[in-house]
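Engineer: Since the structure of chain A is already known, use the hints to place chains B, C and D on it.
Take a look at the letters that make up each chain.
There are 4 protein chains.
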Amino acid sequence: MSSLWERVSAAHVFDLEQPRFAGMPIHPAHKPGYHYALHRRHRDTYRPDTHGPRTSASGLLTMMEHSGTHIDALCHQACDLRFYKDVAVDEVERSDGFTAYGAETIAPLIARGVLLDVARWKDVDALPPNYAITADDLAGCARATAVEVKPGDVLLVRTGFATRWADEAAYLDAAGVSKSGNIWVAEQRVRAVGADNMAWDCMQERDPETNMLLFGHAHLLVTHGIHIIENLNLDALSAAGHREFCFVGVPLKLRGATGSPIRPLALVG
Amino acid sequence: MSSLWERVSAAHVFDLEQPRFAGMPIHPAHKPGYHYALHRRHRDTYRPDTHGPRTSASGLLTMMEHSGTHIDALCHQACDLRFYKDVAVDEVERSDGFTAYGAETIAPLIARGVLLDVARWKDVDALPPNYAITADDLAGCARATAVEVKPGDVLLVRTGFATRWADEAAYLDAAGVSKSGNIWVAEQRVRAVGADNMAWDCMQERDPETNMLLFGHAHLLVTHGIHIIENLNLDALSAAGHREFCFVGVPLKLRGATGSPIRPLALVG
Amino acid sequence: MSSLWERVSAAHVFDLEQPRFAGMPIHPAHKPGYHYALHRRHRDTYRPDTHGPRTSASGLLTMMEHSGTHIDALCHQACDLRFYKDVAVDEVERSDGFTAYGAETIAPLIARGVLLDVARWKDVDALPPNYAITADDLAGCARATAVEVKPGDVLLVRTGFATRWADEAAYLDAAGVSKSGNIWVAEQRVRAVGADNMAWDCMQERDPETNMLLFGHAHLLVTHGIHIIENLNLDALSAAGHREFCFVGVPLKLRGATGSPIRPLALVG
Amino acid sequence: MSSLWERVSAAHVFDLEQPRFAGMPIHPAHKPGYHYALHRRHRDTYRPDTHGPRTSASGLLTMMEHSGTHIDALCHQACDLRFYKDVAVDEVERSDGFTAYGAETIAPLIARGVLLDVARWKDVDALPPNYAITADDLAGCARATAVEVKPGDVLLVRTGFATRWADEAAYLDAAGVSKSGNIWVAEQRVRAVGADNMAWDCMQERDPETNMLLFGHAHLLVTHGIHIIENLNLDALSAAGHREFCFVGVPLKLRGATGSPIRPLALVG
Chain A
796 MSSLWERVSA AHVFDLEQPR FAGMPIHPAH KPGYHYALHR RHRDTYRPDT HGPRTSASGL
856 LTMMEHSGTH IDALCHQACD LRFYKDVAVD EVERSDGFTA YGAETIAPLI ARGVLLDVAR
916 WKDVDALPPN YAITADDLAG CARATAVEVK PGDVLLVRTG FATRWADEAA YLDAAGVSKS
976 GNIWVAEQRV RAVGADNMAW DCMQERDPET NMLLFGHAHL LVTHGIHIIE NLNLDALSAA
1036 GHREFCFVGV PLKLRGATGS PIRPLALVG
Chain B
796 MSSLWERVSA AHVFDLEQPR FAGMPIHPAH KPGYHYALHR RHRDTYRPDT HGPRTSASGL
856 LTMMEHSGTH IDALCHQACD LRFYKDVAVD EVERSDGFTA YGAETIAPLI ARGVLLDVAR
916 WKDVDALPPN YAITADDLAG CARATAVEVK PGDVLLVRTG FATRWADEAA YLDAAGVSKS
976 GNIWVAEQRV RAVGADNMAW DCMQERDPET NMLLFGHAHL LVTHGIHIIE NLNLDALSAA
1036 GHREFCFVGV PLKLRGATGS PIRPLALVG
Chain C
796 MSSLWERVSA AHVFDLEQPR FAGMPIHPAH KPGYHYALHR RHRDTYRPDT HGPRTSASGL
856 LTMMEHSGTH IDALCHQACD LRFYKDVAVD EVERSDGFTA YGAETIAPLI ARGVLLDVAR
916 WKDVDALPPN YAITADDLAG CARATAVEVK PGDVLLVRTG FATRWADEAA YLDAAGVSKS
976 GNIWVAEQRV RAVGADNMAW DCMQERDPET NMLLFGHAHL LVTHGIHIIE NLNLDALSAA
1036 GHREFCFVGV PLKLRGATGS PIRPLALVG
Chain D
796 MSSLWERVSA AHVFDLEQPR FAGMPIHPAH KPGYHYALHR RHRDTYRPDT HGPRTSASGL
856 LTMMEHSGTH IDALCHQACD LRFYKDVAVD EVERSDGFTA YGAETIAPLI ARGVLLDVAR
916 WKDVDALPPN YAITADDLAG CARATAVEVK PGDVLLVRTG FATRWADEAA YLDAAGVSKS
976 GNIWVAEQRV RAVGADNMAW DCMQERDPET NMLLFGHAHL LVTHGIHIIE NLNLDALSAA
1036 GHREFCFVGV PLKLRGATGS PIRPLALVG
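Chains as they are written, first to last, in our numbering: chain A, 796 to 1064; chain B, 796 to 1064; chain C, 796 to 1064; chain D, 796 to 1064.
Bound-form chain A, shown alone (with noise of 0.2 Å):
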């Protein structure tokens, strides 16, 4: 039997990331976003006659721990002020991040990933703008398309808007899940889910009962303790047929924080 390095080594890697850099979409409530400043150069520190020919460069991240692709932590969503398992959050709420649930407390997430490609499944580029994918869609893209959603995966939702990243008014009109589509998936006992647009989640959609946005986020991150990864490009891996795979996710352990950026990938072989 080969080696567990020369087995993974050998996978195609899918690469699920959606590129870096000031001016890429975020959502409203994360602005400024993402902004990097290189401001030590190369030439600053060129002394070669007293310090050889090597110099450094470096700069400085200001960003939203949301920008990007990124996977949100427990402690980014409450219900009545209670986290998951009932914590509460006036316990645990410090100015530098929270003492339950941040970022640090994600093991890193390698399990079955499943790909449910709506958007190829209704056979269409994109979803129509703000459409709100239901437990029928998802239930039904899973029987077209022969994937079997089992406890434990991590499981992706494709909605055709990753080519919308350099465009941000349009990229937060992306599809999203509807509620009847996080019952779904929480039905289906999954560890993490992702899809490529803002907020997993349709934006527009309220929950008639709550008058709440996000419903999958209160649903799935508080109710049920599955994370939540957003800004994912599928493309690749759709145009690829791929539908079963090796998820690897690695956030950071950013201590207390809400979420991490965040690359993950697909891995097949």
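If you are wondering where the hints come from, they were derived from the structure by calculation, not from laboratory data.
Please note that a few of the clues may not be correct.
Each pair may be met inside one copy or between any two copies, as identical chains are not told apart.
[As the list claims (entries may be wrong)] Taking lysine to aspartate or glutamate pairs in the EDC-like style, the calculated list, with each CA pair at most 20 Å apart, reads: (1) Lys-826 / Asp-968; (2) Lys-945 / Glu-1039; (3) Lys-880 / Glu-982; (4) Lys-880 / Glu-963; (5) Lys-917 / Glu-943; (6) Lys-945 / Glu-982; (7) Lys-945 / Glu-801; (8) Lys-945 / Asp-931; (9) Lys-826 / Asp-962; (10) Lys-826 / Asp-891; (11) Lys-826 / Asp-839.
Structural biologist: Just chains B, C and D now, with coordinates in the frame of chain A:
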């Protein structure tokens, strides 16, 4: 044969990242280091009567890209204002980063990983402060611990300083790799290297020929295109006695940045 | 004779600064503009039993030095890589700012101030969008409103766009000073100028000779060493009908920075 | 009679601000303090053939509002979660600052200024480290140096620690005002106070009644609505022997912030 995800999911995961928090050690050139400001808190938007029970929290990260456990991009270092393969600094340096060799150009590192546990081989908790690990040390450790370093490997070197992570002064005095050690490493044609210290190199050692500090930064990144990973925690891997593993390190695609925070994993099984 | 403090304290104070908040207009080159994150809150440290009743709160400012009402330092602009009085950019540019002509070199501006209220003179609330104020406009307005511009003055020009401060798109279309207007201004040998718009200059106008935008930035800061103040609110001063006043503008000594936020005052009395 | 601008322009200006740079002293609660990253450099946009000779440079400020010479807003301090005049913290605290008592509510301070030069009165370069200046000290110094403190004044106290500005450890050990000194100050019904140290108060002194540190922060800001200015440099004013002057201090209108950087001036003449 088991599927890839079954094989990988069954592996034991060693987490090689140090935790990230304000006050963790930082190289003087990379002050102010790291800061997380949680400013959007749950009570701020709690309006159950009109908006339902759900609330959100998030914050702002301010960080040098070389804070915490991170990988150096090839644009981080130059010699005589030239990068790897003779790319001219002046052609690619911008206010928002480099148009060549930025962090976004680093492919996910999925490779055979090997550990040269120099501290353990020398039977010490940690090498002496500022000790410069020689080529003989590396070759001797490899021989004694039956590690064969191969082209394409990710080569990790353990100094034993990871436990000083909460004490900047002590941590900055870590042992590191000497000039001879760096030459030996490059000869092995590895893909990337890493250590449990701030700078990989021995920070006190000057190259007698050029008067240059951090010889390895020039030799590995500029001459050989070998990435450097810093501030690893290799203690659990060492304690478990593993010398060969599947290394998984996935930098963020920070466009133009000179490095990326990273949470590397060693998979065994 | 009354003491200085009695005289000054008795003056009527016109506050010429726009309020600072995330979302205020910003020049595209100066994104991400301005952000304030209040992360240290009062309840965080409230321990009356052990530490008494007192608590503290504070936050983090992230801002371009050219956000909001601000003054340009002489290092902000160069022509052919030379600053005012032929200082070479390359000699004084560092990762942490300029070693010449930084904001810390701007002496407090305490001088005779004059207002050329071009909008009021033309009997409009605001000049047309992107209107370029000519030398004839300035001279005509000065004549008609009996303003004599003298060497050493701080010369303020009113376009009427201050009321658009909450609307970035409208504000960026403000009128500004044309090439001929800038030449006229420099001839008056004033010490500093300012306007109620983003860039002092008309942002749409290109110098036909050089194809350069923002002619005044070159002509005033580089050729003549005259500081520029931007994003003023001159409406109250205009409404009160004052054309001459004591101008007080005190930049922060931000070492090496290319400008400073400022809250200029016009004192009358 | 001379015009106001003539009178003010003729005054001698004492600059009471310390220079701002990365590495200046900062209170532990306000780390990471101050940083300026110059990332937009002149050569970046130098295209003389197509855009003319002009180029621009600018950078990014990352700073706590309590870094450097600054003034405390009334929302900076609370007692039993109440601000000055019994405003409840919980009613006005937001992620982007306070809706009451923010820095933008501080009117420009233009007032009679007086200097109690305690260090000079005691005939020392600087008071002993951590010395707590008593009511008797302040009253004695006022009497001996013929300073009459009046309602509405800005009262400055000199410890002699301004020269330690480049040495954080030494500077944080500055002398400051004791509980009794703060009670005396409030009785004078001044409008604002300031000192040449990090915290105005003696940072080591605990109020024996409540165990509270920084008694003056509670007594002045919360009980009496008197602003505090920190990190002044009073040495030139002291050397010139001035005890009464026209104080000019103009905070920035940072909406909701708990303080503002400030460059205060003492005008004499």
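Engineer: Give a verdict on every hint.
Structural biologist: Do the hints match the structure? See the list:
Taking the closest pair of Cα atoms, Lys-826 and Asp-968 come within 20 Å of each other only inside a single copy of the chain (17 Å); across copies the shortest separation is 23 Å, beyond that limit. In the homo-oligomer, the alpha carbons of Lys-945 and Glu-1039 lie at most 20 Å apart inside one protomer (11 Å), although the nearest pairing across protomers, at 32 Å, exceeds that limit. Taking identical chains as interchangeable, the C-alpha atoms of Lys-880 and Glu-982 lie at most 20 Å apart only when both belong to the same chain, with a minimum of 17 Å there against 53 Å between chains. For the homomeric pair Lys-880 and Glu-963, neither the shortest alpha-carbon distance inside one copy (35 Å) nor that between copies (37 Å) is at most 20 Å.
In the homo-oligomer, the alpha carbons of Lys-917 and Glu-943 lie at most 20 Å apart inside one protomer (18 Å), although the nearest pairing across protomers, at 52 Å, exceeds that limit. In the homo-oligomer, the alpha carbons of Lys-945 and Glu-982 lie at most 20 Å apart inside one protomer (10 Å), although the nearest pairing across protomers, at 47 Å, exceeds that limit. In this homomeric assembly, Lys-945 and Glu-801 come within 20 Å of each other (Cα to Cα) only across copies, at 13 Å, whereas the closest approach inside a single copy is 27 Å. With identical chains, the CA atoms of Lys-945 and Asp-931 are at most 20 Å apart within one copy only, with a shortest distance of 17 Å there and 52 Å across copies.
In this assembly of identical chains, the alpha carbons of Lys-826 and Asp-962 lie at most 20 Å apart whether taken from the same copy (15 Å) or from different copies (17 Å). In this homomeric assembly, Lys-826 and Asp-891 come within 20 Å of each other (Cα to Cα) both inside a single copy, at 19 Å, and across copies, at 12 Å. In this homomeric assembly, Lys-826 and Asp-839 come within 20 Å of each other (Cα to Cα) only across copies, at 17 Å, whereas the closest approach inside a single copy is 32 Å.
In the structure shown, a violation is registered for the earlier hint numbered 4 alone.
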